[in-house]
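Following the hints, put chain B in place on chain A, whose structure we already have.
2 protein chains.
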Amino acid sequence: MLDEASGGAASGADMSGEVVTAALLVIGDEILSGRTKDKNIGHVAETLTGMGIDLSEVRVVHDDEARIVEAVNALRGAYDYLFTTGGIGPTHDDITADCIAKAFGVPIDVDPRAVAMMRERFKPEELNEARLRMARMPQGAELVHNSFNKVPGFWIGNVIVMAGVPAIMQAMLEGVAPQLRVGRKMLSRSVRADMKEGDIGSELRALAGEHPDVSVGSYPFWDETRIPNTNIVVRSREEGALEAAVAAVEAMLGRMRAGRPA
Amino acid sequence: MLDEASGGAASGADMSGEVVTAALLVIGDEILSGRTKDKNIGHVAETLTGMGIDLSEVRVVHDDEARIVEAVNALRGAYDYLFTTGGIGPTHDDITADCIAKAFGVPIDVDPRAVAMMRERFKPEELNEARLRMARMPQGAELVHNSFNKVPGFWIGNVIVMAGVPAIMQAMLEGVAPQLRVGRKMLSRSVRADMKEGDIGSELRALAGEHPDVSVGSYPFWDETRIPNTNIVVRSREEGALEAAVAAVEAMLGRMRAGRPA
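Read top to bottom, the protein sequences are chains A and B. If you read the first sequence in my numbering, its first letter stands for residue 2, the second for the next number, and so on. If you read the second sequence in my numbering, its first letter stands for residue 2, the second for the next number, and so on.
By construction, these hints were calculated from the structure, which means they are not laboratory data.
Remember, identical chains collapse to one label, so a pair may be satisfied in a single copy or spanning two.
Within a straight-line C-alpha distance of at most 27 Å, the following computed DSSO-like cross-link-like pairs (lysine-lysine) qualify:
no.	residue 1	residue 2
1	Lys40	Lys151
2	Lys40	Lys186
3	Lys124	Lys151
4	Lys197	Lys40
5	Lys103	Lys151
6	Lys151	Lys197
7	Lys197	Lys38
8	Lys124	Lys197
Okay, chain A solo, but in the shape it has when bound (with noise of 0.2 Å):
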């Protein structure tokens, strides 16, 4: 949850029919040399795209000044939101908070409002020179509240920075998702095929042709006797054209299946 103060965004109505997007940049020298495998990135996507904001574009960098304020500056301003996780703990190689500052040109220091959070949880002798660094802030930060261990992440714009550790992260997330503008939610629905993505892909082709309205993907994979065979996802806003879209998925299946040998 962003503190009260907060005058950083709309709050979270649904503006029907508009598309709201977001980025997600995930910082960190662990995920790119493989030691940690990333498991941010898919509860973002699932999370957002649940809400009703399109998750446009993700990119992972390295722990690098230069690299952190240009993927920010890039993608700040070319979607609605920026999310990043990463780098905003009490260590040397924890950078995340001074290159956002940098991005966005302003000073940072230690907030007493995070300061204050942090008291909840550690005790004085706790709050030591290291774990103050994580109650540093850009100004004009607000704060973003999360319950699994009272550490703040921070909204500076429409840039939004939480940690990098899974649990901690979707704690940050959870605290900010209701203060976030949300656009109409891309719904989706998925039909088995029980044939070979080969063997379907003409005449997908030519309905999706027919139904420019939706997107439809086919997403091969091997069901529970390791037969290959294919799921076709339809997505669209509009119930309609997604009901439509499916009917037809649905029609051209039953049609293929009582084409094929027995």
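Just chain B now, with coordinates in the frame of chain A:
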């Protein structure tokens, strides 16, 4: 494996001391919607790091021609290699090969070498219009074999185009790996601190400052009994510098543990 006729890249010699960089472009609406959780970034990161190629950036974009072409041209210009995953299947939403052709400004057509490879797996009647789309290659591309299902990926300039299905992507990466130019490997050692990250932050910062030739990362985790702990990861291409920094980390931890109340 590349075709023997390949003239695209130097063979895989260890150019000691040299740094070879790569980017990964993940293409697919299903990743950005959260429907599919990416499993390729971690595998590519780990494989390239192990070979001596630094994965320096990852981007995830939609199945959208303009976005793909823009990302391909930005990333292939910025790094030694660009790997892509996704969008080379038999259906209308598989547009990666066309986008790569467009990014390079070359025509694209069915490649008889690819058709020959696919004949190893598919019966003549299975090589329909949809499956033959998977044999379309930008002019000048070399084929990347895959042992998993015989449908090739391809390599053009410094761009290596792979499937999105993890098992197929892994086979393609394995196929192309021996042909890649590699640099001196980044070595890493992980030391379990048995202390909280916030308790070692100041000392670790000083240590990192005294070892500017290595990178020192700090990664919090919860141990088997859910107690907060920290892995300190030291990385360097120089074995001697790495060992010196690891010894310094262990000495630091020893001093700090001795100073703690029992």
